[in-house]
Amino acid sequence: MRLAICHSLVVRLHGEITVESTPNAQTTFTVRLPQLQVTGESAPAEQQHIVAGNTDYGLPLQPAPRQEFPFDKKRPTMFVVNDNPEIMNFVAELFAAEYNIRMPAGMAEAIDLLRQMHPDIIVCEALTEKTESLELIRYVKEGRLTAHIPVILLSTSRQIDERIKGVESGADICLTLPFDVEYLKAVAGQLLKRNRSLKDYYKSTISAFEITDGRMMHQDDKEFIDRMLKIINDNISNTDISTKFIAAELGMSVRNLYRRLDGILNQTPSQIIKEYRLTKAEQLLTTTKLSIDEIIYKAGFVNRGTFFKCFAAKYGCTPKVYRKERLSQVDGAVGAASDEESDTVTDTAGTSAPGPDASPAE
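With the numbering used here applied, the sequence shown covers 533 to 894.
Some clues are possibly wrong.
[Stated by the list, open to error] List time: in silico SDA-like cross-link candidates among lysine to any residue, alpha-carbon distance up to 25 Å:
id, residue 1, residue 2
1, K754, K717
2, K725, Q799
3, K830, P851
4, K821, F840
5, K846, T819
6, K852, I804
7, K812, C842
8, K806, Y847
9, K697, T678
10, K852, S823
11, K606, N616
12, K754, D794
13, K673, N788
14, K717, S689
15, K856, L810
16, K812, I757
17, K754, L810
18, K673, L709
19, K605, I757
[Stated by the list, open to error] Pair by pair, the computed Cβ-Cβ distance ranges are:
id, residue 1, residue 2, range
20, S785, K846, 23 to 33 Å
21, R759, N556, 29 to 39 Å
22, L782, L565, 55 to 65 Å
23, I696, Y829, 44 to 54 Å
In short, the hints are calculated from the structure, not lab data. Each residue gets a CB set at the ideal place from its N, CA and C atoms; glycine is no exception.
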């Protein structure tokens with residue numbers, strides 16, 4: 533990042549900076565500034581920022597405070613995440629004319645701010661603790677409500693492995709330092725444009741949503757739930773079916789499975805498995821003559837006591853009472869239907885057509 537600052541200053545002074553590198557030996561940076569004629573007139577003074585460092589006398593300076601920028605609701609919002617105030621101020625100034633800037637210092641502060649508001653884009657420079665940058669990106673990309681937010685990772689490492697780790701964590705692009713300021717702006721603009729296009733697409737494609745059990749659900753989410761329920765159904769009698777097993781069958785991590793289900797149904801995989809087993813048991817109780825123990829086995833419950841407890845909590849009675857009541861309701865409905873049919877036949881049989889000598893009713 534310091535090289536980017538240096539590059540920016542050199543450009544403003546109409547100079548140039550070049551680099552020559554010998555692998556495994558040395559790297560030489562050359563700065564050339566033009567000789568300008570002194571006019572005798574004072575140039576307009578620009579606002580100066582004192583950055584943290586050491587004075588000639590070894591007295592440490594106070595860290596530069598984070599700048600505050602006005603908020604305009606018509607502009608997109610950008611998070612600039614770093615634990616170095618000077619770097620945050622530099623990057624923030626690059627975008628302050630086009631974006632609302634918020635500058636959380638580090639992972640914890642960024643997560644707290646994400647819970648309050650969702651930015652349109654995030655620029656994250658490698659934090660002091662390298663793993664924090666990757667954890668923050670994963671937090672953003674694995675969140676149901678934040679996964680769409682573009683993330684630009686600025687890395688001080690030129691090692692390809694480090695950049696791959698950044699992209700695998702979910703960063704949309706990883707730029708190494710020093711970077712070209714205009715290129716960074718162009719990348720941010722294109723990521724924002726792409727994100728807006730996706731939002732417009734999903735807003736206009738209302739046919740992609742449908743009502744399922746009183747809940748508005750996107751077709752992708754419904755297909756995901758259907759796939760998961762099919763896996764559970766195909767393995768319902770397997771008492772060892774677990775969250776890990778389902779995640780593997782779906783080709784995703786356990787953590788991502790938890791996040792997605794929480795976003796769609798606000799339930800955990802274990803809760804869904806239990807509910808499906810209970811529904812299966814209820815179906816077998818009312819449609820078969822299997823014994824309770826056989827039903828417990830086919831529904832995949834391990835413990836008889838656990839099954840009775842869960843069943844009573846859901847249906848308000850024991851399995852035996854539930855079956856008896858449901859069968860009596862069915863028998864009563866059938867008997868009522870038979871009585872109605874019998875009454876209809878009797879009425880028809882007891883009604884005779886008037887004879888030819890019958891007199892009209894008075």
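Violations among the numbered hints, reported as their numbers in ascending order: 1, 2, 11, 19, 21
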